[in-house]
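Peer 1: Sequence:
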Amino acid sequence: METKKYDYVTVEKTWQKKWFDAKIHIAEKKKQNKFFIHFAYPGVSGYLHVGHMRGFTYCDVIARYKRMMGYDVLFPAGFHASGIPSVGFAKKVERNDKETIDLLKKNGCTNDFIKKLADPLEVVKYFSKVYVDEYWKRFGFLIDYTRLTNTISAGYNKFISWQFHKLNDKKLLVQKPHFAPYCPNCGPVAVDKSETDVLCGGSSEILEFTIIKFTLSNGTILPAATLRPETIFGVTNMWVNPNVEYQKIEVNDEIWICSEECVKKLSYQFGNIKKLNEIVPGKKLVGKKCIVPEINREIPILSGVFADPKIATGIVMSVPAHAPYDWIALVESKQPIQPITIIDVKGFEDNPAKEACEQLKITSQTQIEKLDEATDLVYKKEFHTGALNDNCGSYSGIKISEIKDTVKNDLITENLAATLREFSEEVICRCKEKVVIKNIPDQWFIKYSDETLTQNSKDYAETMNIYPQEYKDGIPKILDWFDDRAVIRKGSWLGTEFPFKKDWIIEPISDSTLYPAYYIFSKYVNEEKISAEEMTEEFFDYIFLGTGTPESDVWRQIKSDFDYWYPVDINLGGKEHKTVHFPVYIMNHVAVMPEDKCPRGLFVHWWVTQKGKEKISKSKGGAEPILEAATTYGVDAMRLYYTHVGSPFVDIEWDPEIVAKYKKRIANIYKIILELSEKKEQTNMHLDNWLISILNRRIKKIVDAFENFDLRVVSNEIFFECQRDIQWYLKRGGGDKTLINKFVKIWITLLTPVTPHLAEELWQILGKTAFVSNEPYPKFNSEEIHERDEIGEYLLSEIIDDTSEILKVTKISPKKICIYVAPAWKQDIFRKAIELHMDNKLDVGVLMKQAMSDPNLKAMAKNVSQFAGKLPGEIKKLSENDRNRYLVDVDEKDYLEHAKKYLVDVFSCDIEIVSADEKGIYDPANKSKFAVPLRPALYIE
RNA sequence: GCAGGGGUAGCCAAGCCAGGUCAACGGCGAUAGACUCAAGAUCUAUUCCUGUAGAGGUUCGAGCGUUCGAAUCGCUCCCCCUGCACCA
1 METKKYDYVT VEKTWQKKWF DAKIHIAEKK KQNKFFIHFA YPGVSGYLHV
51 GHMRGFTYCD VIARYKRMMG YDVLFPAGFH ASGIPSVGFA KKVERNDKET
101 IDLLKKNGCT NDFIKKLADP LEVVKYFSKV YVDEYWKRFG FLIDYTRLTN
151 TISAGYNKFI SWQFHKLNDK KLLVQKPHFA PYCPNCGPVA VDKSETDVLC
201 GGSSEILEFT IIKFTLSNGT ILPAATLRPE TIFGVTNMWV NPNVEYQKIE
251 VNDEIWICSE ECVKKLSYQF GNIKKLNEIV PGKKLVGKKC IVPEINREIP
301 ILSGVFADPK IATGIVMSVP AHAPYDWIAL VESKQPIQPI TIIDVKGFED
351 NPAKEACEQL KITSQTQIEK LDEATDLVYK KEFHTGALND NCGSYSGIKI
401 SEIKDTVKND LITENLAATL REFSEEVICR CKEKVVIKNI PDQWFIKYSD
451 ETLTQNSKDY AETMNIYPQE YKDGIPKILD WFDDRAVIRK GSWLGTEFPF
501 KKDWIIEPIS DSTLYPAYYI FSKYVNEEKI SAEEMTEEFF DYIFLGTGTP
551 ESDVWRQIKS DFDYWYPVDI NLGGKEHKTV HFPVYIMNHV AVMPEDKCPR
601 GLFVHWWVTQ KGKEKISKSK GGAEPILEAA TTYGVDAMRL YYTHVGSPFV
651 DIEWDPEIVA KYKKRIANIY KIILELSEKK EQTNMHLDNW LISILNRRIK
701 KIVDAFENFD LRVVSNEIFF ECQRDIQWYL KRGGGDKTLI NKFVKIWITL
751 LTPVTPHLAE ELWQILGKTA FVSNEPYPKF NSEEIHERDE IGEYLLSEII
801 DDTSEILKVT KISPKKICIY VAPAWKQDIF RKAIELHMDN KLDVGVLMKQ
851 AMSDPNLKAM AKNVSQFAGK LPGEIKKLSE NDRNRYLVDV DEKDYLEHAK
901 KYLVDVFSCD IEIVSADEKG IYDPANKSKF AVPLRPALYI E
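Following our numbering, the numbering of the first sequence begins with 1 at its first residue and continues without gaps.
Please note that a few of the clues may not be correct.
Claimed, not checked - Pairs of lysine to aspartate or glutamate, EDC-like flavour, derived with a Cα cap of 20 Å:
(1) K404 / D376
(2) K900 / E790
(3) K30 / E775
(4) K13 / E134
As the list claims (entries may be wrong) - Label-pair restraints from in silico Cβ distances:
(5) L216 / K578: 49 to 57 Å
(6) E278 / D442: 31 to 39 Å
(7) S492 / E278: 37 to 45 Å
(8) N243 / K289: 35 to 43 Å
(9) Q727 / N111: 55 to 63 Å
(10) D651 / D390: 47 to 55 Å
(11) Q727 / E425: 57 to 65 Å
(12) D112 / N185: 39 to 47 Å
Hints are computed from structural coordinates only; laboratory data are not their basis.
Source: prediction; values computed, not measured.
Idealized CB from N, CA, C, for every residue including glycine.
Take the sequences, apply the hints, and build the full model.
Peer 2: The following block contains the structure:
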């Protein structure tokens with residue numbers, strides 16, 4: 001009979017409908033044994049790609065496993081709608097961005113519908129539906145869909161508002177100045193690599209220049225910007241661009257001269273800047289002198305065309321001994337100025353800049369690449385091994401790596417310097433305006449630097465289950481490093497209004513810290529059992545903190561739900577959350593929630609990348625859409641792919657060919673299982689014992705791996721090793737119908753969490769009517785372990801390996817194979833040796849003494865001593881597993897006799913099995929003496 | 001700069017924390033064979049080098065070292081990658 005082909009499309013659809021109709025995905029309180037797992041909910045940013053499904057899949061696999069292990073599982077999900085993404089998406093629709101419109105059309109949106117998506121709220125609504133229907137349900141995730149929610153709903157807003165009141169009560173909200181990217185037209189913008197807000201410059205960094213106030217003879221300030229304030233002691237001259245028209249401005253009662261571009265920057269960062277409408281041409285400054293602050297040295301102002309008005313103040317101080325650019329410029333200016341060396345550093349004589357230029361053969365300012373290299377070289381060396389020398393007054397002798405901030409802070413304290421922040425490269429807003437850095441004098445922060453909070457969080461994290469271990473080990477450092485975070489922003493983005501400042505919105509990281517708690521409420525909100533208005537401060541206090549009195553039965557029900565399900569057992573998220581979301585997740589719980597309601601575990605998974613290790617991104621065009629992939633490969637194949645292709649803790653590269661292979665494997669397993677039920681009846685006690693025994697070993701390994709969330713080991717055992725076992729069993733001639741049925745039943749149950757659709761289909765074919773998804777997961781049964789038969793099969797496979805090896809090397813076509821099993825006395829003495837070794841008493845002398853006390857052994861003392869002589873060395877090399885194997889009493893000859901038929905089949909020749917010490921055996925090559933336990937001697941002819 | 005991750009055979013990728021079961025799981029690719037009219041799928045064998053008896057040699061970025069024994073531990077070096085804050 002021809003086996004039916006696996007029709008994954010129908011199978012997936014059928015079973016998903018059945019599961020959801022039967023509501024097996026809904027979390028219920030039944031067993032007094034709960035497991036709460038959720039993934040870091042996705043931001044609503046548009047269509048997702050196959051990379052996103054990795055973590056979601058892990059979550060479902062774990063949730064399904066836990067369900068089968070007898071837990072009430074709560075696996076909810078929601079949408080992070082706060083922040084920019086959905087606003088950004090709506091803007092793209094609004095401005096008719098072609099790529100976006102095409103994409104929407106491709107996904108079946110009509111023109112009329114697309115128009116609606118110019119509203120961010122519609123974007124959230126639309127994509128929430130897409131994520132649920134086309135991704136999560138399509139993958140068979142048993143998410144409790146009655147609890148879906150998002151972060152811009154009225155109830156959620158109340159929840160966040162409560163959280164911020166609590167933070168404020170605990171004095172964890174503070175106000176202080178903050179510098180942030182800002183577009184003069186659009187307000188605050190996000191500068192990040194994905195460039196949602198900006199046209200270019202997304203990977204720009206904010207540099208902190210120190211402006212040092214040099215003074216002209218009339219007291220006017222010539223502000224020079226530097227990243228190395230400690231080099232002030234080595235300044236020999238200033239560079240001013242003769243082609244630039246500088247501006248005169250008033251800054252806090254001081255008169256400054258700087259470039260036009262700088263004036264703008266200062267006005268955003270300093271506040272009280274007054275333009276004096278007086279232009280100072282650069283060439284008029286050239287030739288004048290100015291005073292270096294702090295050391296009061298007079299230096300000349302020289303012409304330097306490279307002083308870029310766009311960078312910092314447009315005025316540069318020159319340190320020719322330590323800056324290769326300055327050195328070359330000075331050489332080319334032909335001015336009789338002596339460099340001043342201020343840093344002693346290994347590997348350089350008295351002028352590092354000069355020496356680096358010579359080393360790299362730099363002779364002109366135009367050799368920019370080489371100059372950058374030289375600069376890098378000098379800076380690195382000086383930073384790591386350099387120290388200020390006697391030219392630096394009270395700072396002399398201090399290492400550069402330690403002095404940087406000190407000099408800067410001292411100068412600022414004395415009002416001789418200021419800080420100017422600037423992007424490392426130009427950033428342009430989507431509106432084409434240049435993005436600046438703006439000072440927000442009274443920004444609100446969550447005080448993550450709070451020592452008590454940090455310490456408590458570290459202590460708490462220590463008690464959590466965090467995967468992988470390397471991440472857990474790093475958490476204390478991350479928490480220490482995690483600084484205060486600005487939490488509000490005024491601009492066009494979604495979120496909860498900050499309760500202490502009207503019109504300002506809480507930023508998205510800060511409104512996603514306690515959110516799994518909201519899944520407890522969302523069910524009641526969705527069922528309209530409670531309204532946002534009823535969710536008062538007292539309400540949340542009652543639920544979370546147990547204070548106050550309930551005002552209704554719904555309050556009591558919700559409280560009982562919260563107490564049942566909380567805390568979260570696993571929060572699962574991608575590695576991008578390591579230093580952002582997870583730290584605040586822990587810290588806010590620790591700050592606000594009672595300790596027994598703080599999260600129990602974190603699971604961090606790595607990414608799916610494109611070829612060349614790039615993170616998959618839509619803009620790079622490499623992402624395979626989820627629906628397309630699901631249709632091409634089937635979701636079980638993808639689920640298996642995610643769990644098996646690599647450890648959860650490494651990036652995996654999306655490769656359609658590999659996924660296709662997993663698809664074939666699914667079909668193959670389907671075929672194998674169907675064929676198994678058609679086998680002819682044939683019993684073989686040894687072999688049957690082996691199969692049930694090895695199956696139990698697999699179960700143990702699988703369950704152990706599951707408990708550690710080691711999903712790769714899980715799927716490798718289930719989908720590869722189990723298949724290998726049953727194939728070996730069949731090949732060896734196994735065919736016990738009852739046993740095969742048992743194996744199949746267990747195998748299907750084992751594979752359910754990873755490939756549930758396949759499992760249900762097979763389960764039904766076996767004639768079962770209930771869902772295999774609701775079956776208990778197989779348990780290890782020590783009574784079904786048969787060590788002797790395991791060892792027997794091991795012995796057999798070793799013999800086959802050895803024989804094949806000999807045949808390969810000698811190129812003999814065998815007519816007869818003689819197997820000489822080790823004599824009983826060798827087994828005895830082997831076992832004695834191992835026992836001695838375990839007592840740590842093994843040496844040849846002791847072993848011989850024991851052996852000789854046995855009259856049977858004494859009779860053949862010569863052979864015994866020869867054999868025993870080599871034993872200690874060999875036994876030491878054995879692993880514990882091997883050693884244990886020798887301790888089991890197996891009748892090798894008997895076992896092999898039972899397997900003789902198989903050996904004859906494999907090698908197509910006569911097989912003779914004898915004991916090596918039998919009298920009169922056929923042994924022309926005198927091989928039999930080499931027989932040792934579990935390693936019979938062989939002779940082939 | 002600060003913090004973190006990594007370099008394993010043709011490729012992907014386990015192993016490393018707890019040294020010996022490691023010539024190194026598994027997959028892909030390749031080669032040969034079986035099945036097939038054929039293709040695909042599936043199965044079987046081989047896939048670092050040498051070898052007419054189950055062996056030996058050389059490997060896990062490089063180099064030292066610890067050890068009876070190192071892919072695994074320590075030190076030094078080289079190379080790649082990620083995050084660093086208002087993007088989630």
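Peer 1: Which of the numbered hints are not met once you compare them with the structure shown?
Peer 2: 8 and 12
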